[in-house]
Amino acid sequence: MASRSSTLARPVAFRSVGRSILLTLPIALWSLLMFTPSFQHAGRDTHIGAVVVMLFMTGLFFLMMRTGETYRWRRIFFVALGFLFPFGFIAALVAERGTMSIPISRMVSGDTPFCFMVTPGIILPAAFAHTIIFPGSILPTASNPHSIAIMIGLWFALTLVLGKAWCSYACFFGGIEEGFAAIAKRRRLHRFIVRFGPRLRLVPWAILVFVVLGSAALFEPVYCMWLCPFKAVTEFPAVRNVETAIQMGIFVALFVGLVVVLPFLTKKRTQCGFFCPFGAFQSLFNKIHLFEIRFNREKCVDCTLCQTSCPTVALSAESIREGKTLLNCMKCGACVDACKKDAAVWHLKGTPVAVKPERARLLFLYGAWAMATMFGGSILANSVATMLHWLPWK
Amino acid sequence: MRARILAILAYTGAGLILAVAVCVPFVLMGVFSNVVAHAGLHIDATYSGGTIARTIERNGYRIIVYQPVQPRLFERVEPFVQLAFEPADSLPARVSDEVDLDGDGQPDVRVSFTMPADPGAKLRGNVTALNQKYVSLANVADESFSRMVVRTGNKIVVRVPLSSEVAGR
Amino acid sequence: MAALSLSASAGEALVLGLATGPVCLASCGPVVLPWMLVQPQGMRLHTRQLFLFLAARLAGYLVFATAVWLVGSSIPHAWTGRSWLFGGIEVLLAAGLVAYAAGWPRRRSTPAQPSSRLVQIGEAPRPLLSGALALGFLTGINLCPPFLVAGIRAAQLPHLSASLLFFLFFFAGTAVWFLPFLSLGFVRRTPAVVTVARMVAVLLACWYMFSGVSILIERAIYG
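Chains as they are written, first to last, in our numbering: chain A, 111 to 504; chain B, 2 to 170; chain C, 73 to 295.
Calculated from the structure, these hints are not laboratory results.
Any given hint could be a false lead.
[Stated by the list, open to error] Listed next, the in silico EDC-like pairs over lysine to aspartate or glutamate satisfying Cα-Cα at most 20 Å (straight line):
#1 B/K156 x A/D221
#2 B/K156 x A/E206
#3 B/K123 x A/D452
[Stated by the list, open to error] Negatives, chain C to chain A, calculated, CB over 12 Å:
#4 L86
#5 L105
#6 G114
#7 R116
#8 T119
#9 T138
#10 W156
#11 G159
#12 G160
#13 P230
#14 S233
#15 A234
#16 L237
#17 G245
#18 R291
Just so you know, even glycine gets a beta-carbon here, dropped at the ideal spot from N, CA and C.
Just need the whole structure built from these sequences, with the hints factored in.
In structure tokens, the structure reads:
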């Protein structure tokens, strides 16, 4: 059965309900496994949050199986994560200390939770001086469970499974841009993207090199102190002098420009594709990751729908001619879903291109959605519980 | 034949990725975290205050003196020495202590602050340098990483900057 | 006796250079790295470029050695103009990096060579050696802490030749740390690599500009 989707270029080909349920069962079981421990804790809000998210993640996966599409359903999860994570985070900060700003006393006490975005900048000082240039704690404490060891361990484990797909299934910031990019019906600044996109796509690499060198030279987390747009929706060093005021100005400007305005105008993930050094760092794992998106040149008619649909300009005319994506492809599935000729396909390296692509998609999605459920799902459940806790009529 | 072998390897790899995914929350995350925890890493002294040099016992509380922290390479922080007064709950309402920072038996600074009645209120203090090695601080709270009198948990952390002659800068 | 004293100073200078080399690398490396990645691939040209960069850097060292010796050991501590000079040099370095990223200096083009500038106007310029000299000299007179330590020490030496020799050996010690940059000759010079290198140069220029202007403003306000 086929029907016209209002958001995609090609008609949806529904698969059978029975088959879709069967394929969804492993994810349903996994969700149960991940969230059952929540029921051992006290708190009705926590239980409700767990049930809601279990149904949410399982339901979205079912729809992925039923419709054969990935991007549209993944985006719902990702946007929810992007908006609910800051909500839960800020709510916890306000409840604990009444402000989003981090006083120096917290940095000195090692209570700052570790954020993945810092990872590339801390590598050289850690390797050469055994020093972590971050005001956190190595081991978890009562006041800081998100210690450096825990978060680095989690990041590495997730990266083994996801690689660069981290940016589509794990990053709790990318969904904010994806949400703003989805609002406008019409794409603006299209010519700007077409003309400058190929160069702008290289900016994250330059920022990555700059952050790595700068952090090693200054022994401070340069990205955190100067360039992180998401400080505007999480926590930031308290403004106490001209320098910290300038830093705050930069954070807000980057957030408003790259995360809100430009995604709204261009319908692209401009912060992710044109700025984020952590995304560039994760792109390196695309070299070794087994799953990718490829193009069947026999079916491709060079309509460029895939290029237009790609949220991070990870496709060029040259790369499509060679039948592949660029290194910064985050495996969101937008191009596959947009292609009317089924030329863009999921692919497992080492197997023939376009032979059983659905099998490759399935194998990839099981791993990716399992990680999304475990990591993003737990964040969502926490945020839902927080929202319920703050309900005015309680 | 080659294509077949590659395909077998590819599907084996994909299976391994799924196996890794299943193991992440139960085994792998813990293993990797332990590796990092036992890698001999430490937090930069700008944030941690450095290593402990000596402890000075007082009546009902103690003062922990840390080793001087010298900035590395182009680290943009003044050299400083950290003191910690703990436990904060046992401190008298008004603290005024002369402390020997370099272990030569002579007091180097006088630290004075008043404990606010509300533990959440901002703390301010004064540090009077008793010799030229250290820099005096007046009514300081959390001015910078090298100049502060702050409460963290159950201790009062004081950071006294070293003078530029001593620091060799 | 004089020979013994001279050799002791030379040894001291060499050890000082080797010990503080990482600082020089941290200071000058971020400038050298993107600049070297912009140069065409090839060990011979690469070695020549690096050699010229280091030679210009040595020239900067020797100019400073002369100045330091002439004025005496009062320069590092008492000279109130140090902040102006320090800030001014950083602003100049920033300007140099931006100019280089934008394609300066321009030269006659060869059609076979693709443009690696951020903005392409006209035909692609050939890599110019004066870029190596300018960047090398500017980084050579950049007053980083080990440089100042060496300057204090050299100012105390009895003769100008001793001061020059001191800085020559100090330079040799720091130059050892730049040898790994020769390996950049093997990195493939795709247009993407070159563009990223120029973008890094612009980012570094922003940092040096901020640092230099901060020093100058602080100097102007607080004296």
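Reported absence of C/G160 from the contact zone with chain A (all CB gaps over 12 Å)
21 Å, holds
Would you check whether the claim that C/L105 is not at the interface survives, using Cβ distances to chain A and the 12 Å cut-off?
7 Å, violated
Starting from B/K156, check that the Cα of A/D221 is at most 20 Å away, please.
14 Å, holds
Non-interface label on C/S233, tested against every C-beta of chain A at 12 Å
34 Å, holds
Decide, holds or violated, for the assertion that all CB atoms of chain A are farther than 12 Å from the CB of C/L86.
C/L86 clear of chain A: closest Cβ-Cβ about 23 Å, beyond 12 Å.
Classify the label on C/A234 as holds or violated, using whether its beta-carbon is more than 12 Å from each beta-carbon of chain A.
32 Å, holds
Beyond 12 Å from every chain A Cβ - status for C/T138
Label holds. Min Cβ-Cβ 28 Å, cutoff 12 Å.
Below or equal to 20 Å on CA atoms is what counts here, so check B/K123 against A/D452.
63 Å, violated
Would C/L237 pass as off the interface with chain A, using Cβ distances and a cut of 12 Å?
30 Å, holds
Given the hint that B/K156 pairs with A/E206, does the C-alpha gap stay at or below 20 Å?
19 Å, holds
Distal placement of C/T119 relative to chain A, Cβ over 12 Å:
23 Å, holds
So C/G114 supposedly isn't at the interface. Is its beta-carbon more than 12 Å from every beta-carbon in chain A?
The assertion about C/G114 holds, with a minimum of 22 Å to chain A.
In summary, the numbered hints that this structure violates are 3, 5.
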